[in-house]
Every structure is written in structure tokens, then in C-alpha cells.
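Starting from the structure of chain A, add chain B where the hints point.
Protein chains: 2
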Amino acid sequence: MNPDRPERVDRTLIHNGAIVDIYQDKMQLPDGSFENFDFIKHKGAAAVIPVLDDGRIIMVRQYRNAIDSYTLEIPAGGLNGADEPTKVAAHRELEEETGYYAEMEDVEFLLSLYTTVAFCNEKIDIYVAHNLRKTAQHLDDDEFIDVEVYTPDELKSLILEGKIVDAKTIAALSTYLLKMSPAD
Amino acid sequence: MNPDRPERVDRTLIHNGAIVDIYQDKMQLPDGSFENFDFIKHKGAAAVIPVLDDGRIIMVRQYRNAIDSYTLEIPAGGLNGADEPTKVAAHRELEEETGYYAEMEDVEFLLSLYTTVAFCNEKIDIYVAHNLRKTAQHLDDDEFIDVEVYTPDELKSLILEGKIVDAKTIAALSTYLLKMSPAD
Numbered sequence: 001m002n003p004d005r006p007e008r009v010d011r012t013l014i015h016n017g018a019i020v021d022i023y024q025d026k027m028q029l030p031d032g033s034f035e036n037f038d039f040i041k042h043k044g045a046a047a048v049i050p051v052l053d054d055g056r057i058i059m060v061r062q063y064r065n066a067i068d069s070y071t072l073e074i075p076a077g078g079l080n081g082a083d084e085p086t087k088v089a090a091h092r093e094l095e096e097e098t099g100y101y102a103e104m105e106d107v108e109f110l111l112s113l114y115t116t117v118a119f120c121n122e123k124i125d126i127y128v129a130h131n132l133r134k135t136a137q138h139l140d141d142d143e144f145i146d147v148e149v150y151t152p153d154e155l156k157s158l159i160l161e162g163k164i165v166d167a168k169t170i171a172a173l174s175t176y177l178l179k180m181s182p183a184d
Numbered sequence: 001m002n003p004d005r006p007e008r009v010d011r012t013l014i015h016n017g018a019i020v021d022i023y024q025d026k027m028q029l030p031d032g033s034f035e036n037f038d039f040i041k042h043k044g045a046a047a048v049i050p051v052l053d054d055g056r057i058i059m060v061r062q063y064r065n066a067i068d069s070y071t072l073e074i075p076a077g078g079l080n081g082a083d084e085p086t087k088v089a090a091h092r093e094l095e096e097e098t099g100y101y102a103e104m105e106d107v108e109f110l111l112s113l114y115t116t117v118a119f120c121n122e123k124i125d126i127y128v129a130h131n132l133r134k135t136a137q138h139l140d141d142d143e144f145i146d147v148e149v150y151t152p153d154e155l156k157s158l159i160l161e162g163k164i165v166d167a168k169t170i171a172a173l174s175t176y177l178l179k180m181s182p183a184d
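Sequences listed follow chains A and B, in order.
Under the working numbering, think of the first position of the first sequence as 1, with each following residue one higher.
Under the working numbering, think of the first position of the second sequence as 1, with each following residue one higher.
Bound conformation, chain A alone (with noise of 0.2 Å):
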């Protein structure tokens, strides 16, 4: 085995929740002996910067049972289906969630990541999209959501302070901030 990490030797599923599965791993540590790891397996999720023709970012805001609180999100879900492209997933969760649509080609990738390393495969694939036009929400049943509109300049400050608190949102908009921000 590899001397420099855990190697997985066995994976039982304990539970298959509503949108993730839950597994326990068996892994072998380095010095032969035997732990248990939390496994969280997640079909994969799509999320989008809206950005308006002014510069401003359309943002939505809902209520998160998780947490039990309200939070202020780029807009994002979950894909139809492991094969779904994230891409078709964020265009589509463009328009549902705040009721604006645009064309394929001016949805752009910005970033990947990985929600939470330790326990979960939860990726997302965050893309910002341009030459928004204006439709209409079309929203699942269980989900309430209120749209808002802030500048970069607001966003930027709304991270400092703490009041956005959702980790891809934090992670996107301040790397796309960064990416927009002149070079040193």
C-alpha cells in the first residue's frame, strides 16, 4: 500500500438521501491499522454570476434548512443527472431561479470546486453569464426564492463584512472579482 495515505478497502452504503448518498469507507492507514470515514456522494451542481449590462450581479436570496437561516447566494443547483453538462445546468438555473435568460454561448466557465474535501465529492462548476435578457422565474415547488441586484463594489464590501456567508458564493465572486480586478 501507499505509505503516504489512507487507502480505501471497503464502501457500504448506510443511506440514499434525496440528493445525496450516504456511505461509510473503510480505510487502512499507512500503519496497518483500520478507520472509518464518512463518504457523502453527490450527483454534482451547477452555479452562474448573472451579470447585467451596468456590471451588476443578480443574486438570490432563500431560506437553507441546513443552516435555519436566510442567505444570499449566487444562483445554483443540483444537475439532472450525473451526465447533465454542468453548463446546460447553470443556463438552465439561470432562468429558473431569477428570470433571465441568456444565450448559450455567453455563458462562460470561471472555476471548479469542491464544496467540503473531508466527507463529501460535491463539485460545482461556476460559470458567468452576459447579455442577460429578462423572462420569468419558473421555480421547483420547494423552492422560494427572492432576487436582488448589487455592484461588484457592494458585493466586495458584503464579503468583508461577513454577511455572505454560502462558501461557493464567497468563493465565486471574489474570484471573479480578482480576475476582473487591473493587474498589481
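For the record, the hints were derived by calculation from the structure and aren't laboratory data.
Don't take each hint at face value.
Repeated chains share a single entry, so a pair holds when one copy, or any two copies, can fit it.
Listed next, the in silico EDC-like pairs over lysine to aspartate or glutamate satisfying Cα-Cα at most 20 Å (straight line) [claimed, not checked]:
id	residue 1	residue 2
1	K87	E103
2	K43	E148
3	K41	D21
4	K41	D25
5	K134	D54
6	K179	D153
7	K134	D83
8	K163	D21
9	K87	D106
10	K87	D125
11	K26	E161
12	K134	D146
13	K163	E108
14	K163	D125
It should be emphasised that the depicted structure is a prediction, and the values quoted were computed from it without experimental measurement.
Relative to the frame of chain A, chain B by itself:
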């Protein structure tokens, strides 16, 4: 019930994991129907951006079973019980994972984030540590970590090139870099 959001009517424990506990939440939607939501309970974590006197930042590289690959991250770790102050945990993980010590007064709060609000309450408080002094790593039995050092410009490039994929690390570093950058 609140007409604008799902309301939790029951929470059932499914499994006590190694670092997370798995629940099934029964939610009532505003239309009166019921739906199951996943809820993953985590005790919380702390992370730290360790800044050397010359401005370079200490990073850790380690194998992550959940995504079956190696990641470049800021030092981080779970709390020793939900009551441990996150600053104490950040201070401890700094020395354990990197072999650098900081006085508690040189560990400064940067931001808090939730890693994946759709189904998990994991919150990470992220600090910045200065005036570091070399001591020695003290790794847990299941930790195998390489220490690497980068300039802020190198880390900005690694984020924009997609070579850093851990959400807390992207969020922490890009927020730190935004905060350091001159106002527009």
C-alpha cells in the same frame, strides 16, 4: 406556517458517522405537501491562512478520500467538540499541520462560511496568522500532509488556473487577496 418557505415538521437520525451525523428532515411546503430533505450535521471547523514575514503563505497538500485526489489547501480541522472556540482550533491546526507556531494575539479573524448550505450545517471560521515561528508538525494518525509555500501572486494564479479546487481555500485566499488589494 410561513407562506414563503418550507417548514420542518420532523427530524430523524439515520446514522452517526465518524465526523458527521446524518438526518432525514420531513418538510412541509407552503402548498401543504410534504418532502424529505437531507440534513448532515457537522460540529464545525476552523481554518487559517499562515502568513510568513515576507508575505508568503503556507499551504498544505494532502490526499482526500472523498474526491480520491490530492488537494492544495489552507490548514484546517474540525473542532474538538462543538464548544471549542474556533480561534483555539485554528491556532492548534496551524502548528499541527504546518509546524509553525503563532501567538494567539497574532491570529486574526477573517471570515466565516458554510461549506454547503443545501444539506449540511458545516461552518468554518477562517483566521489569518502572522509572526510565525518554526516549531514542528504534530499530525494525527490519519493525516499525511506536505507543506508548501507560495507568494500571494502565485496563489492568485493557481486559483484562476483552476489548480486550487477546495472551496474554503478559494474563498479564504481570494477574500484575503481582495482585502489586501488597494481600493479602486
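Hints, verified against the model:
Within a single copy, K87 and E103 get their C-alpha atoms as close as 11 Å, which meets the 20 Å cut-off; across copies the closest is 46 Å, which misses it. Taking CA atoms no more than 20 Å apart as the test, K43 paired with E148 passes in neither setting, with 28 Å inside one copy and 32 Å between copies. With identical chains, the CA atoms of K41 and D21 are at most 20 Å apart both within one copy (5 Å) and between copies (15 Å). For a Cα distance limit of 20 Å, the shortest separation of K41 from D25 qualifies both inside one copy, at 12 Å, and across copies, at 18 Å.
With identical chains, the CA atoms of K134 and D54 are at most 20 Å apart within one copy only, with a shortest distance of 14 Å there and 49 Å across copies. In the homo-oligomer, the alpha carbons of K179 and D153 lie at most 20 Å apart both inside one protomer (14 Å) and across protomers (12 Å), since each shortest distance falls under that limit. In this assembly of identical chains, the alpha carbons of K134 and D83 never lie at most 20 Å apart, being 29 Å within a copy and 47 Å across copies at closest. Taking the shortest alpha-carbon separations for K163 and D21, neither the intra-copy value of 31 Å nor the inter-copy value of 27 Å comes in at or below 20 Å.
In this assembly of identical chains, the alpha carbons of K87 and D106 lie at most 20 Å apart only when taken from the same copy (11 Å versus 43 Å across copies). In this homomeric assembly, K87 and D125 come within 20 Å of each other (Cα to Cα) only inside a single copy, at 8 Å, whereas the closest approach across copies is 31 Å. When the C-alpha separation of K26 and E161 is checked against a cutoff of 20 Å, the pair qualifies neither within a copy, at 41 Å, nor between copies, at 34 Å. Taking CA atoms no more than 20 Å apart as the test, K134 paired with D146 passes inside one copy only; the shortest distance there is 15 Å, against 49 Å between copies.
In this assembly of identical chains, K163 and E108 lie within 20 Å of each other by CA distance solely across copies; the values are 18 Å between and 27 Å within a copy. Only between protomers do K163 and D125 lie at most 20 Å apart by alpha-carbon distance; the minimum there is 14 Å, versus 23 Å within a single protomer.
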